[in-house]
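Here is how the chains run, residue by residue.
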Amino acid sequence: MAPADGDQSSAVDRRRFVKALGATGLTASSGLAGCLSRGSTGPQTIEIAANTDVQENIGEIQAKLHEVGLSNDIELSAIAGVQSSGSRKQQYNRWLSGNLEQPALFMMDSGWSIPFILRDQLVDISQIRPELADTIQQEYFESFVRSIEGQSGGLYGVPLFPTTGTMLYRKDLVREAGFSPERNNWATEPLSWQRFSEVTKETMDATDTRWGFSFQANSYEGLACCDFKEFTGSWGGSYFGKKANLFGPVGERPVTVDSDPVVNATRMVRTFIEGDTQNPLSSVAADISPRAVLQWQEETSRRPFSNGSVVMHRNWPYAIAIAGAADAFGRDLGVMPMPYGVTEQNATYEGYGGTTSSLGGWHVALNPNSPKRAEAIEVMEAMVEPELQLFLFELLGWLPPRPALFETERMRQVPVMGRYVETLKMTVENSTPRPVTVAWPQQSTKIAQQANAAFSGDGTPSQRMQTLKEQLQAIEEASEPKDAAAGGGGGQSPSRTTSGGG
Amino acid sequence: MAAETGSGRSLSLSSPGRWIESLSDTQFAYLLLTPCLVLFGVIAFWPLLRTFEMSLHADLLYGAERIGPFVGFENYVELLTGERNAALPRPFFDSTQIFTSALTVTIIFTVVSVFFETVLGFGQALILNQEFRGRRWARVAIILPWAVPIVIQGMIFFLLFQPTIGFLVEPLQQLGVFSSTPQANSVESLVIVIVADVWKTSAFMALIILAGLQSIDRSLYDVADVAGASKFERFRTITLPLVLSSVLVAMLFRTIGAMRVFGLIETVSSCSTVPSLSCLVVQAFSSSRYASAATVAFVTAAIIGLVVSVYIVKFADVQGAGGF
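Same order as they appear, the protein sequences are chains L and C. Sequential numbering of the first sequence, starting at 1, is according to our numbering. Sequential numbering of the second sequence, starting at 503, is according to our numbering.
Treat the hints with care, since some could be wrong.
[What the hints assert, rightly or not] Pairwise CB distance ranges, derived in the manner of DEER restraints:
id: 1; chain 1: C; residue 1: 548; chain 2: L; residue 2: 138; range: 45 to 53 angstroms
id: 2; chain 1: C; residue 1: 635; chain 2: L; residue 2: 325; range: 34 to 42 angstroms
id: 3; chain 1: C; residue 1: 713; chain 2: L; residue 2: 327; range: 54 to 62 angstroms
id: 4; chain 1: L; residue 1: 68; chain 2: C; residue 2: 805; range: 52 to 60 angstroms
[To be verified] Among the chain L residues that face chain C by a calculated CB cut under 8 angstroms, a handful are:
id: 5; residue: 91
id: 6; residue: 292
id: 7; residue: 297
id: 8; residue: 300
id: 9; residue: 449
FYI, nobody ran anything at the bench for these hints, they're computed from the structure. From a predicted model like this one, the values you see are computed outputs, not experimental measurements. Yeah, the Cβ is synthetic: ideal placement off N, Cα and C, and Gly gets one too.
Using the sequences provided together with the hints, build the complete structure.
Spelled out as structure tokens, the structure:
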């Protein structure tokens, strides 16, 4: 009988188990439904994927948006997102590929907005608000607007603020070494690399400062898009020939990284880091940069400058706001345009030479899946107001995307940043966007790897640039639009359609 | 009416109940496993099959579609022959670039880190298995690194080797171990990543091996004492054979983890300097080369599957020899 009892108890257990399972399933599903329904927000709240600056100041930004014309019943909610721009791109890619309805607006780095446009993942603003697109294309910095335009001149977002590479320096130290930045008008008359390196070397020696010139040469996007592009551009060179080739056509443009200007720029940086290198660039002073630049990005390179260990420092305008604050260097901080290797007239490739800054910055783009499109567009319209742009310059140090605003007295009155408006205007006017195409993510990795290796002395500059040329050519070939798949698309056409204005 | 309805309901409930009761134990076990298997099928096998299917298409960089036309095994052929290297941030395999090829970097990382983690973890487990004062605190101290989040661990090792910030850069340079910029160099960065992994994960090995040690019957050691066995003989004839299956399980887990390494590299160094197989997948994906990313992902999964099967065969041998 014992086995029979055992069977009976086992059967009861099974029945209980099935019941319990049913009850658990019901509870779980109702709980899940509760979670999902809680996730929705009110119809008038527009979510924007932005950064911590926006999130921390969302109240003030929203108040200003209302002041410049945004309906009072539209509220803004900001998602801070991750710090690194590359990770944020991946996050947006996942959201947009998953057809999520929120966030409605995305703050997009001008360095990677074009691949999203080519994938039809953003809304063409010029189709639904042609007058808004016209205003932007006519009044904003042209090269900045280009990084949010499609192949046929359509505008896929509202440019928010540009950033450009600038040279920060310690006025007190250079004065102590006997130089006169004001008299020589360093703020708007660019120095040559030769003069710049001599000034740096002499100041280092005269003031016993540990390092002369710091910049970002880690093997990362920032080296390829910005520092190395500035060095090569200032010597009249480029990655893809003349300036008109920046945005393509991929596969048909020449790869020119092995040309003399690019190799000379590489030799110059190598000389800055290690003067006793083979085949140094004799026209510039040697040993002014620490080898540590090979590991430095923006913040790691800024800290030694802020600590007083460096005379000259290349960075973005945000560093000016920090280093120029009253509790930092204050008025002892000088800012000048990037030095040049050859003049524009002597540049090998059209559009380069002279002072050259890399153009970065952020746009605001619209999610095509958002059910709150009308409200989101209203926010975008308010963002075009000059009053808001001046407010953001004051609040966050974001440069206005309109050249005309640089002439206003209000901009000059802004604490710290206002002192450097002339220089900033000059750097934006002399800036070049990074050559963003579908091939750029792979190309920038290779450029950064090879430039970093050449700077470190692992291979000669000409060997490294030759290898880089082969790699870039292979990527160009692998990224050419295939007839069947392209739908008539090439790279980014450099010419704007007539309807685009400008 | 109420009574009728009630009896009707019990009738309808009782038939599946009766069916369940009539199942054999094996059938009932499978019935219980069915939801789990269905769930696994949806969340594990379907994505795996979809990844494989994606890997049979061409990359498509333009337009709304994610992947291009069907190309069969072309992606695999190009990846394994090196023709795809240009489109990847670092080569999949290049015999002239051992320390910057994803396959070799992953293998070096796995072999070296798992070796040191096993040796150190075994040592730690043997110590923790002893009776001594303060053993509880020693256990906490050894296990502590395992509790450190990967991002914090990454920042610790990143900052340690940053010039002007980390205190290790100059002394190690003076000793001739590293250059002044170790994180700009692939070999030195790989060493740093391995050290970071060993620092954290030896504790995991120690935990699993300790569990194995604790399950050994103490009376076996008494027998060994009576037989006059030396400490080494006790270790060789009792401890090692009985704990070996635990060691293999721990090594299996760690090997799988090491072959998939990504987060540690991204936080301590960068995928560009120390490229692992997972780095290639993520970077290909983020540059919209979905088919290439799927191909590398599938090859990575296949390599891990191969390694796992070696362990499983070895594990079966140990179990067979151990007389379990």
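Hint-by-hint comparison with the structure:
Separated by about 51 angstroms at the C-beta atoms, residue 548(C) and residue 138(L) satisfy the suggested range of 45 to 53 angstroms. Checked against the hint of 34 to 42 angstroms, the C-beta distance between residue 635(C) and residue 325(L) comes to roughly 56 angstroms, which is inconsistent with it. For residue 713(C) and residue 327(L), the hinted distance range of 54 to 62 angstroms is satisfied, since their beta carbons lie about 56 angstroms from each other. Range check, residue 68(L) to residue 805(C): Cβ separation about 57 angstroms, and the 52 to 60 angstroms hint holds.
Look at residue 91(L): its Cβ only gets to about 10 angstroms from chain C, farther than 8 angstroms, so that hint breaks. Here the hint on residue 292(L) is kept, as its CB sits about 4 angstroms from the closest CB of chain C, short of 8 angstroms. With a cut of 8 angstroms, the hint placing residue 297(L) at the interface with chain C is violated, because the nearest CB-to-CB distance is about 10 angstroms. About 6 angstroms separates the beta-carbon of residue 300(L) from the nearest beta-carbon of chain C, less than 8 angstroms, and the hint is met.
For residue 449(L), the interface hint holds, since its Cβ comes within 8 angstroms of a Cβ in chain C; the closest pair sits about 6 angstroms apart.
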